[in-house]
Amino acid sequence: MKKTTFSLVAAMAVAGNLLGDEAALQAQIQKLMERIEQLEKAQGTIQTETKTTLEQTQTTLQEIKEEQTAQSDMLSRVNAQSANDNIKWDIDFRTAYHNLGYQYADNAMKADGTPDTANAGKKLTNPSLFTNRLWLGMGSKVNNDLFFYGQLAVYNYWGADTVATSDKVWQANSRPNEVDLGLRQAYFVYKFGNDWDVPMSFSAGRRAATDGFLANHREGTAKPGSPLAHITNMEVDGAMVQFDLDQVFLPGSYLKVVYGRAHDPIGRTMPTPYIDTNAKDDQVDFLVLPMSVYDNGQHKLMAQYSMIMNSKGDRIDGSDDKIDAGTTHLAAVSYQLDGLSEENEFLEESTLFASAAMSSTNPDEGYRMLESGENKTGYSVWAGFLFPDMMTDGGRFGLEYNYGSKYWSPMTWAEDSAIGSKIATRGNAYEGYWNIPIVGKNLTAQIRYTYLDHNHRANTTCYWDNPLEPNLDHSQELRAFVRYKY
Amino acid sequence: MTSWKKAAMAALIGFSVFSTAAHADAQKGIKLYQKNLKETCGMSGAAFAAKFKQAEWDKAYKAGTLSKKMTEACPKGKAFFEGDKYKKVESHLYDFVHEYAKDSGNIPSC
Chain E
15 MKKTTFSLVA
25 AMAVAGNLLG
35 DEAALQAQIQ
45 KLMERIEQLE
55 KAQGTIQTET
65 KTTLEQTQTT
75 LQEIKEEQTA
85 QSDMLSRVNA
95 QSANDNIKWD
105 IDFRTAYHNL
115 GYQYADNAMK
125 ADGTPDTANA
135 GKKLTNPSLF
145 TNRLWLGMGS
155 KVNNDLFFYG
165 QLAVYNYWGA
175 DTVATSDKVW
185 QANSRPNEVD
195 LGLRQAYFVY
205 KFGNDWDVPM
215 SFSAGRRAAT
225 DGFLANHREG
235 TAKPGSPLAH
245 ITNMEVDGAM
255 VQFDLDQVFL
265 PGSYLKVVYG
275 RAHDPIGRTM
285 PTPYIDTNAK
295 DDQVDFLVLP
305 MSVYDNGQHK
315 LMAQYSMIMN
325 SKGDRIDGSD
335 DKIDAGTTHL
345 AAVSYQLDGL
355 SEENEFLEES
365 TLFASAAMSS
375 TNPDEGYRML
385 ESGENKTGYS
395 VWAGFLFPDM
405 MTDGGRFGLE
415 YNYGSKYWSP
425 MTWAEDSAIG
435 SKIATRGNAY
445 EGYWNIPIVG
455 KNLTAQIRYT
465 YLDHNHRANT
475 TCYWDNPLEP
485 NLDHSQELRA
495 FVRYKY
Chain W
9 MTSWKKAAMA
19 ALIGFSVFST
29 AAHADAQKGI
39 KLYQKNLKET
49 CGMSGAAFAA
59 KFKQAEWDKA
69 YKAGTLSKKM
79 TEACPKGKAF
89 FEGDKYKKVE
99 SHLYDFVHEY
109 AKDSGNIPSC
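For the record, the sequence lines run as chains E and W.
Under our numbering, the first residue of the first sequence carries the number 15, and numbering increases by one thereafter.
Under our numbering, the first residue of the second sequence carries the number 9, and numbering increases by one thereafter.
Do not take every clue at face value.
Selected chain W positions facing chain E (in silico; Cβ < 10 Å) [what the hints assert, rightly or not]:
hint	residue
1	Asp33
2	Ala34
3	Ile38
4	Lys43
5	Cys49
6	Ser75
7	Lys93
8	Lys95
9	Glu98
10	Ser112
11	Ile115
Over 10 Å on every C-beta distance to chain W, these chain E residues come out as not near it, computed from the model [said to hold, decoys possible]:
hint	residue
12	Ile43
13	Glu69
14	Lys155
15	Asn158
16	Trp172
17	Asn310
18	Gln312
19	Asp335
20	Gly398
Calculated directly from the structure, the hints in this document are not laboratory data.
In this text, a Cβ means the ideal position worked out from N, Cα and C, and glycines have one as well.
Using the sequences provided together with the hints, build the complete structure.
What follows is the structure, encoded as structure tokens:
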């Protein structure tokens with residue numbers, strides 16, 4: 015009986031435990047089911063979001079594709095229009111008013127040394143000379159190391175005819191003449207040795223030898239041409255090798271070696287064209303060495319030496335004039351301080367420059383230059399100051415002074431002064447101008463007044479005039495222009 | 009009144025009717041680069057400007073992030089690009105880099 019009772023109690027206890035475990039298990043299963051349900055819901059949300067994102071991406075991709083197709087079509091049109099046109103043009107057009115005046119000296123003399131009784135003391139004026147100047151710039155760049163630049167030019171006075179005059183080729187496009195289109199610049203530049211200590215460039219053609227360093231201010235041009243304008247301002251053809259000394263000498267330093275031709279008397283008549291048959295008129299070649307000594311954007315120091323071979327003069331016995339007579343040497347050192355002080359806005363926008371130069375004529379045996387069989391040396395100084403006008407944004411006033419001695423004879427025939435080169439003046443030259451930006455750099459204006467006080471003969475020929483024989487007492491020009499550039 | 013004085017007066021009056029607009033100057037930008045950055049960056053102005061295309065310089069200038077773009081082109085110039093002077097001359101530098109950008113086709117110097 016006891017055994018039976020014990021077994022029953024044990025069985026009931028076991029059953030009770032089993033029932034308790036099952037309930038717990040059931041609860042756990044329930045929790046798991048709920049968790050699975052939550053996960054399924056979350057997964058569904060993620061799937062929906064992923065699907066939405068995918069659809070949006072597809073839409074965006076489609077839009078990009080359509081845009082790309084449109085751009086591709088547009089590029090094709092641009093390509094068809096201009097890909098084979100390797101010239102990039104720019105325009106520089108200027109219309110100017112000039113008021114000119116010349117006063118002959120009371121003791122004016124002719125070039126032959128006799129008194130100029132017809133003109134002595136006479137005053138000549140032109141109160142209304144108008145000019146147009148068009149420069150069509152042509153840029154063509156294969157890459158940064160190989161490019162071409164050219165400039166077609168017309169510089170005419172209003173009412174000029176269309177017949178080419180006898181103007182020399184070295185100033186035909188830089189001073190007012192006829193309305194014919196001319197070639198002012200055309201040269202290519204090839205840079206090489208960029209990883210050398212002294213990288214080099216080679217260039218040939220009709221070089222940018224006008225409106226050089228310092229003359230750019232009086233022309234209202236920001237960027238100067240290649241040479242020093244104190245001794246060189248001419249349109250010339252030549253070849254150039256440039257040595258960049260920046261890494262081995264001073265910042266911004268370089269040396270250019272230029273060899274070219276300013277005059278060639280060859281004939282073009284048949285049956286032997288391009289032969290020089292004139293024994294007294296040889297080719298005038300030149301060697302020019304412009305050097306940037308230092309340039310850090312604020313301080314700029316440049317120097318130049320030039321030698322002109324077969325310079326024109328006359329024979330001492332008087333049998334010939336305007337013929338090969340000797341060699342001319344020219345040298346100049348020019349300095350510019352651009353921004354006098356960073357502390358003061360007025361001074362920061364101001365520019366100061368000074369330049370000294372000399373010329374030396376060396377006639378051959380039996381010949382004269384400047385009416386002398388001996389070497390004659392001329393000197394010149396040039397100084398200028400530009401400062402903000404305080405009225406316009408970027409406008410500046412400029413004041414310049416030049417002095418040239420008795421035998422001073424630079425090569426500045428293309429200087430853009432209707433009354434003749436002011437830099438070549440043998441005496442004192444005074445100049446004031448106002449450069450005015452009207453629409454930024456695209457439309458500018460200038461008013462300029464120049465007064466040349468000639469102490470000696472006006473310097474308007476090569477080397478066959480005698481500086482000691484006076485002609486003009488003074489000359490003056492008022493010029494006002496409006497200039498479009500784009 | 010002499011013809012000289014008349015001409016001068018006419019010219020002055022003529023020019024006084026023009027109104028001037030604010031502008032930046034690429035040439036000034038080149039000089040600023042030469043003066044402040046050429047030595048630091050160790051490259052010519054042309055090489056610096058050619059680091060990016062015109063559209064890239066444009067986009068940065070319009071977004072007001074040109075200094076960052078220039079720092080990207082010349083990391084050593086960061087101090088200058090973040091300085092007070094840079095803000096004053098930014099428009100000139102922009103004009104310069106835009107004019108001589110990689111795809112500008114413009115020729116920097118002869």
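Does the closest beta carbon of chain E sit nearer than 10 Å to the beta carbon of W/Ile38? 8 Å, holds
Taking the closest pair, is the beta carbon of E/Gly398 still more than 10 Å from chain W? Non-interface label stands for E/Gly398: nearest chain W Cβ at 17 Å, farther than 10 Å.
Can you verify the interface hint for W/Ser75: is its Cβ closer than 10 Å to any Cβ in chain E? 19 Å, violated
Quick one, is the W/Lys93 hint okay against chain E at 10 Å, beta carbons? 8 Å, holds
Checking a non-interface call: every C-beta of chain W should be farther than 10 Å from the C-beta of E/Ile43. Is that right? 60 Å, holds
E/Asn158 remote from chain W - nearest C-beta pair above 10 Å: Its Cβ does come within 10 Å of chain W, the nearest being 6 Å, so this is violated.
Hey, does E/Asn310 actually stay past 10 Å from chain W on C-beta? Nearest chain W Cβ is 6 Å from E/Asn310, so the label is violated.
Interface hint status, W/Cys49 versus chain E (Cβ within 10 Å): 13 Å, violated
For the restraint on W/Lys43, tell me whether the closest CB of chain E is nearer than 10 Å. 3 Å, holds
Taking the shortest Cβ-to-Cβ distance between E/Gln312 and chain W, state whether it exceeds 10 Å. 5 Å, violated
Given hint W/Ser112 near chain E, where the shortest CB pair must fall under 10 Å: Holds, because the Cβ-Cβ distance from W/Ser112 to chain E comes to roughly 9 Å (cut-off 10 Å).
Evaluation of the interface hint that places W/Glu98 against chain E, nearest CB under 10 Å: 16 Å, violated
Hint compliance for this structure: hints 5, 6, 8, 9, 14, 15, 17, 18 are broken, all remaining hints hold.
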